[in-house]
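Student: If you read the sequence shown in numbering that gives the first Met the number 0, its first letter stands for residue 0, the second for the next number, and so on.
Among the hints, a few may not be true.
[As the list claims (entries may be wrong)] DMTMM-like, lysine to aspartate or glutamate: derived pairs with alpha carbons at most 25 angstroms apart:
no., residue 1, residue 2
1, LYS128, GLU20
2, LYS34, GLU74
3, LYS92, ASP16
4, LYS128, GLU27
5, LYS117, GLU74
6, LYS128, ASP14
7, LYS117, GLU9
8, LYS92, GLU9
Worth flagging that the hints you see were computed from the coordinates, not collected in a lab.
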Amino acid sequence: MPGRMVTVHESAYRDVDRTCEALRAAIEAQGFTCKGVLNLNQSMAKHGVHLDRQVRVVQFGRAEYAHDMLTDTPEVSAFMPCAFGVYEGDDGKIHVSGMNRALMAQMFGGTVADVMGKRVARDEAAIFKALEHDAQR
Numbered sequence: 000m001p002g003r004m005v006t007v008h009e010s011a012y013r014d015v016d017r018t019c020e021a022l023r024a025a026i027e028a029q030g031f032t033c034k035g036v037l038n039l040n041q042s043m044a045k046h047g048v049h050l051d052r053q054v055r056v057v058q059f060g061r062a063e064y065a066h067d068m069l070t071d072t073p074e075v076s077a078f079m080p081c082a083f084g085v086y087e088g089d090d091g092k093i094h095v096s097g098m099n100r101a102l103m104a105q106m107f108g109g110t111v112a113d114v115m116g117k118r119v120a121r122d123e124a125a126i127f128k129a130l131e132h133d134a135q136r
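Based on the provided sequences and hints, a complete structural model is requested.
Tutor: Structure below.
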């Protein structure tokens, strides 16, 4: 099961920052708020640590979804905000990774299953579809 806990999509863009820009636009087009893009290379460099590949974390959330889950199951605050990793793979391509929210939601059941397993999973599919469509233009 650990291999199924993370989903990975290949980006149509050849650049981490361009992928993050397109991902931010797709996230916001689905009604989410992009909380920010963390540049892990810069963060680590401040501590004298060098990472050979470019890595970013794109954080996002939707207040209505958070409200529904936190009202019922505040423990899931540990998984908030949602995030995608954007990184250079060993193959030289750019990849977007994320938690398999639908699978995680099944473990919780109830409101979390409804929000993460249905609504967020549906919206996430639309985000990736928009990302692919944007890259084809």
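Student: A separate judgement is required for each hint: does it hold in the structure or not?
Tutor: Against the structure, the hints:
1. LYS128 with GLU20: Roughly 15 angstroms separates the two Cα atoms, so the pair holds.
2. LYS34 with GLU74: Cα-Cα ~20 angstroms, so holds.
3. LYS92 with ASP16: holds (13 angstroms)
4. LYS128 with GLU27: Cα-Cα ~14 angstroms, so holds.
5. LYS117 with GLU74: holds (19 angstroms)
6. LYS128 with ASP14: Holds: LYS128 and ASP14 sit about 18 angstroms apart, inside 25 angstroms.
7. LYS117 with GLU9: holds (23 angstroms)
8. LYS92 with GLU9: holds (7 angstroms)
Checked against the numbered hints above, the structure breaks none of them.
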